[in-house]
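Trainee: The whole structure should be built from the sequences, with the hints applied where relevant.
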Amino acid sequence: MAYRSDDKPSPVTGDTPRDVIRDESGAKVPFPKPRPQPPAARPAPAARPLLNPRPPLTKRPSPASGDDGSVTREVPAWAPDPSRKPTPKRVVEDKPADILSAWTALEVLSPTTYLYPKALADDDEKRIANFKMREPWAGDGEGYLLNGRQKTKLFYQVILGAIRMDSATKSLLTAFEDKNADRQEAKGFAPIAAITIDAQGVPQEELPIAISSFAWGLPKALDRDLSSLGGWQKAERELVSELGERLRIQNDDLEVMPLTFAAIADAFDWLVDKLGLHPSHVVRPSFAVRVFHFEFSKEPPEPPLLGSFYLTHLAEAAELEAAGKLPKALKHYLGVIAPPEREDVLKDDQLLASTLSPILMPKGRWPAKGRHPLVLLQQAAVNLAVNQASKSGILPVNGPPGTGKTTLLRDAVAGLVVDRAKAMCEFDDPAKAFTTGTFHKSGQSRLTVSQLAPSLRGFEMLVASTNNAAVENVSRELPSLKAVAADAPGMRYFKTVSDHVAGDESTWGLIAAVMGKSSNRRAFRQRAWIDKDHGLRSYLAEASGVRQLIDEPADPQTGEVRKRRPKIVLQEDPPSDHTEALRRWRVARDRFVSAYSEVAGLLMKLEEGRRGLGKFAELQQPLQEADAVVAAAQVKHVEAVASIGKCQQQIALHEARLKQVEGAQKLFEQTSPGPLAKLFRTKAFRTWLSESLEYSKQAIAAHNEVLQTVGVQALAAKAAQDAERALKAAKAGYVEIERSVRRAAEQAAGMRAIAGDRIVDTAFFARGRDEIQLDSPWISDELHRKRDEVFELALALHKAFVDAAAKPLRDNLEVLFQTFSSGLAWSEKINPFMPDLWSSLFLVVPVMSTTFASAERMIGHLDAEALGWMLVDEAGQAAPQAAVGALARVQNAIIVGDPQQIEPVNSLPTSLTEAICRDFGIDSDKWSAPASSVQSLADTTSRWGTRFEKDNGSVDVGFPLLVHRRSAEPMFSIANEIAYAGLMVHAVQPRHSDIRSILGPSHWIDVRSSHTMDKWCEAEGEAVVQLLHRLDRAGLDKLDLYIVTPFTVVSKRLRELVLRSGALRRWTEKPAEWVKERIGTVHTVQGREADSVIMVLGAPMPANGGARSWAGGQVNLLNVAVTRAQENFYVVGNRAVWEEAGYFRRLAARVHVPHA
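Be aware that the sequence shown starts at 1, since it is given in our numbering, and climbs by one per residue.
Please keep in mind that the hints were generated in silico from the structure rather than gathered at the bench.
Using N, Cα and C, we set each Cβ at its ideal position, and we do this for glycine too.
Fair warning: there could be bad hints in the mix.
As the list claims (entries may be wrong) - Restraint-style ranges between C-beta atoms, simulated for each label pair:
hint	residue 1	residue 2	range
1	Pro339	Gly1035	51 to 61 Å
2	Ala749	Ala642	38 to 48 Å
3	Arg1065	Glu1140	53 to 63 Å
4	His1003	Arg591	31 to 41 Å
5	Glu142	Asp269	24 to 34 Å
6	Lys1052	Lys274	32 to 42 Å
7	Arg739	Glu771	34 to 44 Å
Mentor: And the structure:
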């Protein structure tokens, strides 16, 4: 059961709803339709008293009978019902509705807990009203507490009893087997319910009631009625309504009476009985939380969150799924759309080359320190992210430790900023990008709420993670001056604001903001908006033509009040009026368009050259074939012409013969006998006639030979014509192919002139694997600089756009920031415009961050796919259900993480998780933590990925990053061997280490001792202290070191021992903070790195074999431990027992005990 402490309600101001959303009739409004206030379920009013009069307080047990809120009586422990039969197994079908129901069931059993009541009051002990002899609100009440608090009203949140987490957890572990060897005993309490009452103790109808899902679900889980856990939303509505009716007791005048201790006790008894909670699990009510609320707020105080942050998200997604309206990304995530056929980018060179196409590369690039280009797979991932994610809505990127995940995200950010800048260029007047939507009254002013042009929507970038540190690190790193090249002094973007928001750290611009939980949002609003000296409100007012002045404190001698200009006006130089703003806009637009067009043209030339290079190779065979066709046609043509010549010769011969025969015939005819010989047909005449006929036959034959040869000649002429045409066609075909070849060669030559030696061709892939992975594809350093300039000019264009659209932007942002401290975002009037208001802020601040847990409070009022992009960091640490709400509200997601690092934390016993999944018919390994994560689910949606082979199977991951730039040897090889199938590429240059010069290189300190307690070995702790003393005696200036362990109990004892030893006095004046920050379990240091890491193994005894097997059974824990170290990794523990513990065998093979 995890302590949900990410986001606490403000003690003064309301916040956005986070539990059940209802309309005025009490019915739930389905997401994604706009959902109005109120922030929690409200029961219907009681028409009459529903309870009998309570007996006097003296006749019943006080809610505060025990010191800890418990009644002082013996209560038997819970025991399982032996007659309970197991639930029949369901067929595993992995239906989306069942997946969402199972996730709901898992989250139902995740309560908010507290060790001390003040934890429910932002650690303010003065806000806790303990129940003593009388109710805190009785009589004159506590109105005096409002003295000195202006515009404030007092409310109470009565905590209606609590569940003992130690007892409840023990019962769950009795009922369900747990495989987590490091499971710690749960501590503290989980509130059962919270009732909000006014300063007089009256539970008015409009005041919210919250009931713990855990209190409802615990008895059902213990009773193994797991399938019913998916019905929490309906059960919550009914419980809230019934509890409200019991609490709202009316007098004879039908007025609701203040709560008494007796009424609270009755309500507690009823609720415990209704829920079926075992007496050993509960403590009685003993306190209320004082809430100081804005006097004129239209919304009541928000109730405390008593359960999971994700229940509302899951309920919304279930409604969308039932209606067939799941957003695109969620359809892929939940398997509604079957994943595409997977292709391994490390085994298919052509596939990888296609992802590197210059046409896919963003026109702008982040000018990072040193201006180093992205390496091969980083660039391919960025290309796919900004071009291909829209096809499925999700691009998963597998980022092993030290492979440049943040570098990749920065280039994706730059690419999207440039794309929006291009869209901005459509507007001659940026103010025309806003159209009036509605009006909102703020005090004496009227604000215009405007819609933003659709062409400027979809570029919003939300960084999200389950880890507060991860999202804040990204959001703070992006604006840092260290994040940009030293030779880019012109890259400044509202630096006055970003410096003020960052505090002590120097920044280059307002590129990102840490948002999410309400305290972060309020802090950003105060520093970036409200602050008169540094805030955007002053800047936009000045740019709108309203001159800004700040009153200085009065002169103590003269009493004169002096006025000065705000720093943001002096430093950021807003335009004097709209005309000046438009002039600047057009200049900025022209510069951007010129630079963008140049880069786009060069990238197109590269793309044409890439295609030409392929075409050149493709055309070589056709060119040879065309040449052969021409040669053959020439032969046929020559043969045809020769045939005509032969025919002509034959005709001449035949004509000569004919002439000869005809001549002979004429001469013969002159010898013809006389008439009498012809008349009497004499013998002489008959002889002559016979010879004459012979001459005629010869003449006819000769003539026929001439005619026949002429016919043959005609055929030969036609054949020659055909051959000539064929020859011409062959030559034309050859010329066309030759021209294409020449054009392709010219394109390739132009490409080479731009790309130099960075061409991705067959010769590129013929090189060694490491060399390929370290290379940067296609783009020369000169072109990279041009891309850097495009990003810089895109930011300048954004600023000019803001200047020219100052008036509508100012009003939109004013309304948006008002929603940060009220329920305005849920109002019927404003809610439809919330996507435009958020897009207006994203237009000024391109990147904002939130944890998944805070997403409901930050953007829960937005419709599905209202935002453009989500960039998820450390996704391997997030339970799969954590991303549902945020994923539903974006169009595209780049999900970056590594399932080979720390898995999601699952607070439930292992077999309970498996049983819940089984009862809902889903595969627990695929859909539930710790085996499943946001990253592993996202990986299943992608076409592009690879496979890492391991000792016990394989892991399919998303698009891989492989160049490692963090850890030296042997840490790199250990991680590469156990987790990444040896595919990572080492790119760490030799570095100096002061710690190594004192302690020596990485080694194993073999500690053998029988003096142990649980998994803690005192001798191992002493060995660590001795190492610290050695560093101290050697005069080490900076202690860049983490001390980690697999086990919670070992980390706790290590902190205590190191603190007692005084070994840290050289390096810190606050050793308690140092040990809290630098000593912990391996889980606490993911995402961090240091020069050196000491890993204290613990669990040295034979009885600890199960704990060692748990730690070494998977690669995750050891992989994270070794890759936190940049230079040195020191192992402290019993080598003999640990070198047989799963993957620790690999550690023992590479980290040795030094010779004496």
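Trainee: Output the numbers, in ascending order, of every earlier hint that fails for this structure.
Mentor: 3, 4
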